[in-house]
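These protein sequences, in sequence, are chains A and B. Position 225 of the first sequence, counting from 1, maps to 225 under this note's numbering, and the rest follow consecutively. Every number in this note's numbering is 262 more than the matching position in the second sequence, counting from 1.
FYI, nobody ran anything at the bench for these hints, they're computed from the structure. For each residue, glycine too, the CB sits at the ideal point set by N, CA and C. Hints are supplied without guarantee of correctness; some may be wrong.
[As the list claims (entries may be wrong)] A short, non-exhaustive set of chain B residues, derived as facing chain A with CB atoms under 7 Å: (1) ALA275; (2) ASP293; (3) ARG294; (4) PRO295; (5) PHE296; (6) ILE300; (7) ALA308; (8) ILE323; (9) ALA326; (10) ILE327; (11) GLY329.
[Unchecked claim] To spell it out: a stretch of chain A is covered by chain B in this simulated footprint if at least three of its residues, at any positions, have a beta carbon under 8 Å from a beta carbon of chain B; those stretches are: (12) 29–40; (13) 50–59.
[Claimed, not checked] Cut-off 20 Å, straight-line C-alpha distance, at most; resulting in silico cross-link-like pairs (DMTMM-like, lysine to aspartate or glutamate): (14) B:LYS274 <-> A:GLU60; (15) B:LYS303 <-> A:GLU100; (16) B:LYS274 <-> A:ASP61.
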Amino acid sequence: MTLSKSLQPLEEDDLLQIGESTFKSRLIIGTGKYPSLEVAKKAVLSSEAELITLALRRYEDNEKNIMSYVRDLKILPNTAGVLTADDAVRSAQISRELFETSLIKLEIITSSNNLDPNMEQTLRAARKLVKESFEVYVYCDRDPDNCLALEDIGCCAIMPLGASIGSGRGFDNLDELILLRDKIKQNLIVDAGLAVPSEAATVMEIGYDAVLVNTAIAKAKNPEKMAKAFSLAVKAGRIGFSSGRIKSQEHGNPSSPTSFLK
Amino acid sequence: MSDFSIILNGKKASLNSPEVTKLISSHAPKDRPFAIEINNKIIPSADFKNVLLKENDIVEIITAIGGG
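Between the sequences and the hints, there should be enough to build the whole structure, so can you do that?
Structural data, given as structure tokens:
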């Protein structure tokens with residue numbers, strides 16, 4: 001049996017359950033910032049993602065219809081651009097009407113200049129949205145108490161930022177992400193900041209359930225190829241995690257006999 | 263009914279019918295899903311035919327766009 005065949009069952013059985021939804025892919029794709037909808041479609045197909053994020057905007061009749069490019073994919077509407085819990089709830093309610101879905105990516109930023117999450121408003125909105133039976137995927141900081149509170153509220157995915165949205169810094173603090181994995185039982189997804197596929201692999205290797213990527217793919221020189229690279233990295237990282245890594249040690253440990261032909 | 267004005271997606275618009283369904287046929291997209299808010303209240307699509315607009319109503323027609 002080839003290695004790829006022997007890995008097939010592992011991948012096929014390893015489904016991601018978030019709320020009421022089940023996914024084979026552990027890569028979630030954001031659809032903003034692409035040079036064109038055609039490029040976005042190619043990248044999404046190449047990524048094999050099953051869940052994509054979309055935003056809301058006032059209708060303009062000269063704008064292309066993104067919905068015709070993303071047929072057959074599950075939609076995760078976001079509340080992007082809002083600064084308060086009230087506006088986030090309003091955005092979620094509009095999304096539920098528009099997309100006929102109870103899924104919502106709750107994202108409340110601090111200000112138009114600071115895209116990091118406003119946690120006070122986020123916690124308030126999360127409580128309300130869960131009460132209204134939304135399946136809340138929540139963009140949040142890496143503070144364990146905040147993440148535990150979001151888990152207790154009933155959010156179906158806790159999504160701490162790796163680094164600021166669109167920054168491409170990767171991880172501001174990988175140790176904090178590792179600590180969170182130890183504390184949070186709910187689905188953990190890194191959202192924001194990643195730049196390269198190896199960072200997605202790292203996230204998966206430390207036991208995260210999925211990765212959400214937008215800018216790193218959309219603004220790559222070749223988004224279609226970068227989407228494929230992220231897809232492979234997420235799979236590799238997940239298989240690596242489930243294979244059980246060795247412990248790191250202070251000193252080297254020989255891989256070969258240390259004395260010749262004994 | 264004589265013409266009256268509403269604020270549609272942030273801009274003043276003149277209408278000659280109060281029926282939301284007429285506003286939809288002239289101003290809403292036909293090729294994609296959309297949602298309508300009137301004075302910050304979401305109107306379920308099942309209620310479109312029952313709602314009438316009046317002078318100075320603030321109407322938003324909202325649809326999907328790419329976003330992360």
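Outcome of the hint check:
A hinted interface residue such as B:ALA275 counts as satisfied when its beta carbon comes closer than 7 Å to some beta carbon of chain A; here the least separation is about 13 Å, so the hint is violated. The beta carbon of B:ASP293 comes within 5 Å of a beta carbon in chain A, closer than 7 Å, and the hint placing it at the interface holds. Satisfaction of the interface hint for B:ARG294 is found here, the shortest Cβ-Cβ separation to chain A being roughly 4 Å, below the 7 Å cut-off. Because the closest C-beta pair between B:PRO295 and chain A is about 5 Å apart, less than 7 Å, the hint holds.
Among the interface hints, the one on B:PHE296 holds; its C-beta lies about 6 Å from the nearest C-beta in chain A, closer than the 7 Å criterion. Annotation: B:ILE300 was flagged as interfacial toward chain A, and the flag is violated, the nearest CB pair being 12 Å apart, outside 7 Å. Checking B:ALA308 against chain A by beta carbon gives a least distance of about 10 Å; that is not within 7 Å, so the hint is violated. Nearest Cβ of chain A to the Cβ of B:ILE323: about 4 Å, under the 7 Å cut. The hint holds.
Among the interface hints, the one on B:ALA326 holds; its C-beta lies about 5 Å from the nearest C-beta in chain A, closer than the 7 Å criterion. Given the 7 Å rule on beta carbons, the hint for B:ILE327 holds: about 4 Å separates it from the nearest Cβ of chain A. The interface hint given for B:GLY329 is met, as the beta carbon of that residue sits about 3 Å from the closest beta carbon of chain A, less than 7 Å. For the stretch 29–40 of chain A, the assignment as covered by chain B holds, since 7 residues bring a beta-carbon within under 8 Å of that chain's beta-carbons and 3 suffice.
Look at the stretch 50–59 of chain A against chain B: 7 of its residues bring a Cβ nearer than 8 Å to a Cβ of that chain, three or more, so the hint holds. For a cut-off of 20 Å, the pair hint linking B:LYS274 to A:GLU60 stands: about 15 Å separates their Cα positions. Restraint check for B:LYS303 and A:GLU100: the C-alpha separation of about 17 Å stays at or below 20 Å, so the hint holds. For the given pair, B:LYS274 sits about 16 Å from A:ASP61 by alpha-carbon distance, which is consistent with the 20 Å threshold.
Taken one by one, the earlier hints fail for this structure at numbers 1, 6 and 7, listed in ascending order.
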